[in-house]
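**Q** Sequence:
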Amino acid sequence: MTTIDFCVKNFGQARLLTKLLSLPINRVLGQQLKLTSSQFDLIQSQIALLDSGYPLDYLLGSVNFCNQEFVISKDVLIPRPATEFWVNELILQLEDFKAEAESHTAEPLTTLVEVGTGSGIIGLTLAPLFDYNILTDISRKALEVAKNNQIRLCPKHPHIEFIQTDLLDNIILPTTNTNWILVANLPYVPIGDLINKEKNRVSAEPEIALYSGTDGLDLTRKLIHQLVSKYSGNMPSQIWLELDPRNIYEAKKIIQTTFQTLTLKPGTKWIYNILTDEDDFARVLVIKQFTN
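For the sequence shown, the positions run 1 to 292 when the numbering used here is used.
No lab work stands behind these hints: they were computed from the structure. Here the structure is a predicted model, which is why all the values come from computation and not from measurement. Please note that the accuracy of each hint is not assured.
Mimicking EDC-like on lysine to aspartate or glutamate, the simulated pairs with C-alpha atoms at most 20 Å apart in a straight line are [unchecked claim]: (1) 288 with 89; (2) 98 with 131; (3) 288 with 100; (4) 9 with 51; (5) 288 with 57; (6) 9 with 41; (7) 252 with 218; (8) 147 with 69; (9) 147 with 166; (10) 156 with 131; (11) 74 with 57.
Listed next, with one range per pair, are the computed distances between beta-carbon atoms [unchecked claim]: (12) 45 with 108: 46 to 56 Å; (13) 41 with 159: 22 to 32 Å; (14) 203 with 81: 16 to 26 Å; (15) 95 with 274: 55 to 65 Å; (16) 194 with 166: 19 to 29 Å.
A virtual CB, placed ideally from N, CA and C, is assigned to each residue, including glycine.
Let the hints inform the model, and build the full structure from the sequences given.
**A** Following this line, the structure appears as structure tokens:
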């Protein structure tokens, strides 16, 4: 059989070949490989895509997020390190909160609602910490990816529900007094960025998962309107929203103004915090009910 010599040029190519050839990275990186003509043609076509700016993660078909391997496709957003950063912080806070609940100093959080779940990376990472989980997305194809990840990563969890819907439409909480948390990594990029985008990872990702009106806050406004309209009598105890550093403070102002109309339990108020990501950009708006 005729073989063709091939030498990997960079780490991205090496990762790609580990998948295509089912070889460990140390058998690929820095090695001269002997390939069949069919292997060579396949690898050359994939490397051409990679060199054109097509995301390596899409070619690999999976990403690592919070120490778990998630399947992804071109129908979902590629997870960012900034998202992993705040999800890890949320996990730490939830574990502390659970300890307080077990010592009867706080009411247990039983239900997670994630809006715009995409591949399910956030909701499925957090799911083991909750009795009941509701993950929504408007995209049927995105939910298919999320369901695949649920089967692989949380097959035994009894209560993970996927709903194809527009944000909070058609969502029914387990009970009328459910103590729940809302998390969302909705599209938040201003539409003007679409005109200026370069040929890179972002240009390959689904626009529906990225852009949200002139200031990037159209879907956030819609989410908050739905939240107040549907759940004014049973608002979430916590809300975590990933946003753009350019619009996060405006989002905070919008939500504060809207939430002023709500009546909370005596002695309870909303507190607002903005968390920075690993690059020190304002990234996550955290809103909690606080009782004196």
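**Q** Decide, hint by hint, whether the structure agrees.
**A** Hint check results:
| no. | hint | in the structure |
| --- | --- | --- |
| 1 | 288 with 89 | holds, 15 Å |
| 2 | 98 with 131 | holds, 12 Å |
| 3 | 288 with 100 | holds, 16 Å |
| 4 | 9 with 51 | holds, 12 Å |
| 5 | 288 with 57 | violated, 35 Å |
| 6 | 9 with 41 | holds, 16 Å |
| 7 | 252 with 218 | holds, 14 Å |
| 8 | 147 with 69 | holds, 14 Å |
| 9 | 147 with 166 | holds, 18 Å |
| 10 | 156 with 131 | holds, 12 Å |
| 11 | 74 with 57 | holds, 9 Å |
| 12 | 45 with 108: 46 to 56 Å | holds, 52 Å |
| 13 | 41 with 159: 22 to 32 Å | violated, 47 Å |
| 14 | 203 with 81: 16 to 26 Å | holds, 19 Å |
| 15 | 95 with 274: 55 to 65 Å | violated, 22 Å |
| 16 | 194 with 166: 19 to 29 Å | holds, 21 Å |
Checked against the numbered hints given earlier, this structure breaks hints 5, 13 and 15; the rest are met.
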